[in-house]
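Asker: With the hints as a guide, bring the two chains together.
Protein chains in written order, with full-length UniProt numbering: chain E, 1 to 306; chain Y, 1 to 511.
Treat the hints with care, as some may be off.
Claimed, not checked - Derived pair list, reagent style DMTMM-like, types lysine to aspartate or glutamate, alpha-carbon separation capped at 20 Å:
| hint | chain 1 | residue 1 | chain 2 | residue 2 |
| --- | --- | --- | --- | --- |
| 1 | Y | Lys-333 | Y | Asp-345 |
| 2 | Y | Lys-98 | Y | Asp-142 |
| 3 | Y | Lys-460 | Y | Asp-448 |
| 4 | Y | Lys-490 | E | Glu-158 |
| 5 | Y | Lys-181 | E | Glu-93 |
| 6 | Y | Lys-150 | E | Glu-46 |
| 7 | Y | Lys-252 | E | Glu-158 |
| 8 | Y | Lys-458 | Y | Asp-448 |
| 9 | Y | Lys-151 | Y | Asp-456 |
| 10 | Y | Lys-181 | Y | Glu-112 |
| 11 | Y | Lys-171 | Y | Asp-206 |
| 12 | Y | Lys-370 | Y | Asp-293 |
| 13 | Y | Lys-458 | Y | Asp-445 |
| 14 | Y | Lys-194 | E | Asp-168 |
| 15 | Y | Lys-194 | E | Glu-93 |
| 16 | Y | Lys-98 | Y | Asp-141 |
| 17 | Y | Lys-394 | E | Asp-33 |
| 18 | Y | Lys-210 | Y | Asp-507 |
| 19 | Y | Lys-181 | Y | Glu-216 |
| 20 | Y | Lys-468 | Y | Asp-440 |
| 21 | Y | Lys-277 | Y | Glu-395 |
| 22 | Y | Lys-140 | Y | Glu-112 |
| 23 | Y | Lys-218 | E | Asp-168 |
| 24 | Y | Lys-468 | Y | Asp-281 |
It is worth saying that the hints were derived from the structure and are not from the lab.
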Amino acid sequence: MKAYVAKKVLSLPLIIFGVSIIVFIAIRALPGDPARLMAGPEAPQEAVDSMRVRLGLDQPLPLQYVKFAAEALHGNLGLSLQSQRPVMTEISERLPYTLSLAALAYLLAIAIGVPAGMTGAIYRQRIPDQIVMVLTIAGASIANFWLALLAMNYFAVELGWLPLLGADSWKNYIMPTVTLAILPMAMIARMTRSSMLDVLSQDYIRTAKAKGLSSASINWKHALRNALIPIVTIVALNFGSLIGGAVVTESVFNWPGIGRLLVDSVRYRDYPVIQGVTLVAVTGVVLMNLVGEILIGLLNPKIRFD
Amino acid sequence: MESKNKHFKVLTLAGCLLASMASASVFASQLVIMQNEPPRSMDPGNQTATFTGTVLDPMYEGLTRLGDDGKIIPALALSWTSDDSGLNWTFTLRPNVKFHDGTPFNADAVVENFQRHLNTQRGLAGSGKIRTFIQDVKKKDDLTVTFQLKKINPAFLTVLASGPGLMVSPKADKAGSINNKADGTGPYKLVQYKSGEYVLEQKNPDYWGKSSGPDEIKWTWSSEPSVMNMALQSGQVDIINPVPPQFAGMLKNNANVNLKQSPGAAVFWVDLNTQSKALSDVRVRQALNFATDQQALVKAIMFGYAQPANSALAPVDPNYDKSLHDYPYDLQKAKDLLKAAGYADGFPMSIAVQAPDARTAQVLQGMWSKIGVKLNVRQMESGVWTKAAFADGKEKAAQGTDAVLASWSSGLYGSDLQLRPLYHTSSFAPGGANLGFFSDKQTDDLIDTAASTLDDAKRKDLYFQAQKQISGLAPQVLLFYQDDLYAARKNISGVVMQPGGQIVVRDAVKQ
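With the rest of the complex left out, here is chain Y (with noise of 0.2 Å):
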């Protein structure tokens, strides 16, 4: 009886001090957030991958910053003024702020920052973003930089605010840390990194803004759908992002899971190769829009979360053309052109896709059968699907690559970082992402006018020409855009989505 009596006390002791640790773990609120691959540097300018620059936003900044409601507020730069020319721009950076590591924030950092991008020996995976259009960046003095523009970039303030053109600590930087160990003055800093398993963030309490966010965050990933879907379920995670579409409907009917929805800036499309012999006939690739229905599409694959495309161009860009509606479902339409065309009894075709992506190219297998078209679909692993897609014309002709079926999000960049590098001219895979090697002397025209016109409404009337241009000579299949989802338990609120599927966490409150 005594020896039972002591093992209860054992137990209760243990009960109690396993409640002490739960309650201090809710007392310090740690934010717990599951996504769909690891992140790939520490350091913002090494990296292009949405999904990393959503681990990395709670603890870099930029001179700008992107405010909840989509447009620039300052950050570290207090105040910014260009000249007529909108190539010289001059900023203003705030005063006394530091790096986690305790290095100054000032204008050498700011010039030591970029010049590590302007570096061609560097190789930084971010930095193509800056080089295209930043000449030269400059210290006027102490809190004052001054920046020289190669051509004129309506996304510049936008460039400022996310990727490369976040502030790392340049002693970090230098010593070659920061690939492992995020250094910037953001409201949370790293307190570790294991690679196989998380990212754990905690306030800074040095920052210099305010913060209202949790104690710690923590990010996590897993390349299976199902067990993201899992994880938030039984409430390990709270915020899972993207979600995948197969599991959007049940989450939105689990009583415990708030569905987010947000028009997304990812774009899918068929690649055409313009120099395939069927494909080079206008006709041809015109056919394949008409036989193409959209709407069927997103119901199949995308469960109803995504929007038909009608445009080159995303909706949440501001120069997207609403009303451009030139290929509806229409099937003898795309025969009578396939006739016109000499290809009266179809052809055979080949697509390159990435296994996530093969239902899609399956679906459109049946639906272009029935104009004659037999659409071989080639599955590939990403890296192979990659060295296929960017391969260049010669490569594609012997492999017999006639389409590729791909996606594109230029998020915040704007129209530029959308149709130059799939439709301009000197965009040509490998160097550039027009994989079909489309060349129209009007589309380019159209995009570099556009790139270097200052006026807002004159600029937004280009595009409309050179969406309409590439609309007409059909160098693709536009499928669809996705929409941008994530999910959130209940007790999770002030999560902020940004166009191109980035969430900003820093500001996240749990109850």
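Next comes chain E alone, as it looks inside the complex (with noise of 0.2 Å):
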């Protein structure tokens, strides 16, 4: 297990390194011209020209990736294009807003997904599982800024009971947070409920039921812990995506985290912060799952990871 996770470890860098070179390679690939986009269409052709040499841009390729990693390594991202400030700074300044929102996700979607997917699986093939299922589905299928839209447009706008937009106060986590949620409980859901359903015909259930244990003792203790080892798969697997959904969630909810500062970079083709975020968010994926790996290993000893 040790070994395991040392090595898990010591390849991280190799992944990170890997991933920039894409991420370098890609975002120039993209069309589209940031000097021309900064200095505007209306500018003369030498100011854009003059853009192109200030932000770097007319140096080959790989002496702006070697620059750009020797840089990186000393913690430097570099500056932004457009807000002249150090890439660093944005994100850190927008970084909290982001986890902050995705671990309350999280938390929620677990709270509730969990529950519900054991209700399906107990109640399997009855009336509370057609329900969890019917959910389940909708909640899987619905586009988030969409419902982002409805739940802004009836909490904020109509009944006045919830802020519309910014992150002031605890009220202005409620709605981000909910749509953001809405897709892993659902998938959380379904997969407890199947995970339930496997580990709920084995012997050792029936075994527990004779000796007459509560139900309850069965379901949480017995079930529930043999049957983790999906969910939390599915929990670590699932962080990119979750960083996904707040791309769009916090652009339509004005929320300051990294999600939004993305989709603004992207807009101005700020090669130097679309790289920060991209890398920073891959870093958090690649993490998530290794600690996702190490979890699975202490839930269950027979894993064996050599």
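Answerer: Here is the structure:
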């Protein structure tokens, strides 16, 4: 186990190095000229050219990458083309907003998704199960920006209960959190249900029943613990899609996180910011996957990693 | 029972606190405005965006200012004179003015402000407007500066009133902080610029003039039109600018909201690539104009909040020719012209559009299919579109771009900045915005002569001729002039709208 974790941790820099090259090239392969975008459509060509030199975009690509990588190793992701501020500053100001939103959304998704999935499994093929199934299908297929707009119109405009935009108070968290939680909630519920169904048909459950244990004890202690492994996997592996969801949710709710930063910087072709945000997000996803794998090992000592 | 009472007391206390906080925020009046894009920079000289100009206006001033009636009035300059050639100007500056950081405003500050634009090394986004016609700026004494122009520019005093003409603190510019921390002489100063959230401005207690505006102005933004609409309807923001046309009708009927509409400076048109085979024939280009039902387009796309376009200049331009009417909707005429040009069965062509304009292109697709033109709509994200639109002739040919849907607004800068970049031979893309490579000697001459003519009436006549000439050769299909729309809650007054969509809120009143 220890060797496995060490191996995984050591491979992290390699993965991030690979990702940084892909991100660097992919961004520059996008059509669109940041110098022209920044200088404005009515700027004369000479202004665009001097802008390009100032931004360092006239340099050959490998040189641009080496410069970028050398700086990045020192924790410097460059200056935003748009705001002229360090990308690190931009990201560190925004990251807490995204992380708190993502964490709350995950907690909510787990808090509702797991019991819902268990309900579905325990009452298999009966009304509670059917309700859970219908809701999870709806939750997994609904577009979250559409849901966000509906919620905003109802709770902020019609009823006036919740603030519409920004991140000034705890009330601001409610709508973005719920919107962001819907998809992982549905996935967790479905995963919990199928995983619980597998476990509930096992012999030891029958044994537990025969011993006369209460059904609560059977469901929570014996069944859920064994059903958890696939659930943890799904939670850890879906961190990436949660970040993807945050991009949309943050844009709609004017949430000052890195998702909105990414959208704004793509619009202006702010290469250093796009690079920085992508790198940070990818690192987060890789770390989460690692945490997931370690957790699985802890939950089930039977799983071998070597 | 007792513990219940205790809770009750805590609750009342909290209630009182909340109430007092609420009333405090009422006394410190704050105006909240939402626009459709974030500000590009806190430096007015390093951006060219209308909605950034709006955010910066309360914090900055130029030598001149545009009055509420659209006339130029003194601001940081008290008076000015020019010699007979119109090339040499002398400005007397306002004494005892300080920038927000305490740096004195004087002739040195003015010279440094223009030098940073004349310096080609700096690459500031707004420098083009200055560099094209200003030769040099010199200090005569502490409160007098002289300008030497390369060529006459009727919009000179207007250029001084906005964008790169606005005065920034030379100290802040040298320190490199001006991009993030606004520093001007205006009635408001920057409190905070949180790049993902808002710009907060507060009244400048040391302002030299009078200001009747609110204590604080807060700017936010959202690129979602429906979010802007909801923010205003819910009262979370006081003003939205611009109003998405699809929500204008709804807001007009809302009793808590005033919808303000004024004729806009933005011209929407389809730029035709005159180097494409079919479109190199003027008859084909005219046919497309005859086949375009502008009224229907305005209704379908702009919900009536636009005017059909008849000229390359917008109605807010002093030299706009209202009488021009070359292309009434006439399908028969369009078909006849196509037949004469050898395209009786029509031809295929492609158009590059940005996502928000895709519907316009689809409506055109339907209209032009009636004369056999198969319009292939290529919808693009804005950065991709910019690249495609500003491609040179070779690249356009390689990519098969026959047309580009675009809009242009020279705002208050006058006819030359509307016609020269779009129709002059020297403005071929990528260097200029002549996206279809239209080249006509007579048009060039008219634009050049008009630009160097001092006499207003003569200049107007030349611009009338230029509009007629361009219209006849149809390097474009004119679509419409978009109305400028903003909406405010009923308790807001004193907002001024300038042609070009810029709103001025520095003297707004919130009741």
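Asker: Each of the hints needs a verdict: does it hold here or not?
Answerer: Okay, the hints, checked on the actual structure:
Restraint check: the Cα-Cα separation between Y:Lys-333 and Y:Asp-345 comes to about 14 Å, which is no more than 20 Å; the hinted pair holds. Under the criterion of a C-alpha separation no larger than 20 Å, the hint pairing Y:Lys-98 with Y:Asp-142 is consistent with the structure, at around 14 Å. Using a Cα cut-off of 20 Å, the hinted pair Y:Lys-460 and Y:Asp-448 holds, with the two alpha carbons roughly 13 Å apart. Restraint check: the Cα-Cα separation between Y:Lys-490 and E:Glu-158 comes to about 18 Å, which is no more than 20 Å; the hinted pair holds.
Distance restraint check for Y:Lys-181 and E:Glu-93: the Cα-Cα separation of roughly 17 Å lies within the 20 Å cut-off, and the hinted pair is therefore satisfied. Taking the CA atoms of Y:Lys-150 and E:Glu-46, the gap is near 18 Å; set against the 20 Å cutoff, the hint holds. Distance hint between Y:Lys-252 and E:Glu-158 is fulfilled; the C-alpha atoms sit about 18 Å from each other, no more than 20 Å. Distance restraint check for Y:Lys-458 and Y:Asp-448: the Cα-Cα separation of roughly 13 Å lies within the 20 Å cut-off, and the hinted pair is therefore satisfied.
For the given pair, Y:Lys-151 sits about 16 Å from Y:Asp-456 by alpha-carbon distance, which is consistent with the 20 Å threshold. Restraint check: the Cα-Cα separation between Y:Lys-181 and Y:Glu-112 comes to about 18 Å, which is no more than 20 Å; the hinted pair holds. For the given pair, Y:Lys-171 sits about 18 Å from Y:Asp-206 by alpha-carbon distance, which is consistent with the 20 Å threshold. Our distance criterion of 20 Å between C-alpha atoms is met by Y:Lys-370 and Y:Asp-293, whose separation comes to about 11 Å.
For the proposed pair Y:Lys-458 and Y:Asp-445, the alpha carbon gap of about 14 Å is at most 20 Å, so the pair holds. Using a Cα cut-off of 20 Å, the hinted pair Y:Lys-194 and E:Asp-168 holds, with the two alpha carbons roughly 13 Å apart. A hinted pair counts as satisfied when its Cα atoms are at most 20 Å apart, and Y:Lys-194 with E:Glu-93 qualifies at roughly 9 Å. In summary, the hint linking Y:Lys-98 to Y:Asp-141 is supported, as the alpha carbons are separated by about 17 Å, within the 20 Å threshold.
A C-alpha spacing of about 18 Å is found between Y:Lys-394 and E:Asp-33, which places the hinted pair at or below 20 Å, so the restraint holds. With a C-alpha separation of about 9 Å, the suggested pairing of Y:Lys-210 with Y:Asp-507 holds against the 20 Å cut-off. Of the pairs offered as hints, the one joining Y:Lys-181 and Y:Glu-216 holds, with about 17 Å between alpha carbons and a cut-off of 20 Å not exceeded. Simply put, Y:Lys-468 and Y:Asp-440 have alpha-carbon atoms about 13 Å apart, close enough for the 20 Å limit, and the pair holds.
Note on Y:Lys-277 and Y:Glu-395: the hinted pairing holds, with a Cα-Cα distance of about 15 Å set against a maximum of 20 Å. Taken as a hint, the Y:Lys-140 and Y:Glu-112 pair is honoured in the structure, with Cα atoms around 14 Å apart against an allowance of 20 Å. For the hint pairing Y:Lys-218 with E:Asp-168, the CA-to-CA distance comes to about 14 Å; that is within 20 Å, so the pair holds. The suggested pairing of Y:Lys-468 with Y:Asp-281 holds, with an alpha-carbon distance near 18 Å, which does not exceed 20 Å.
Consistency with the previously given hints is maintained throughout, with no hint failing.
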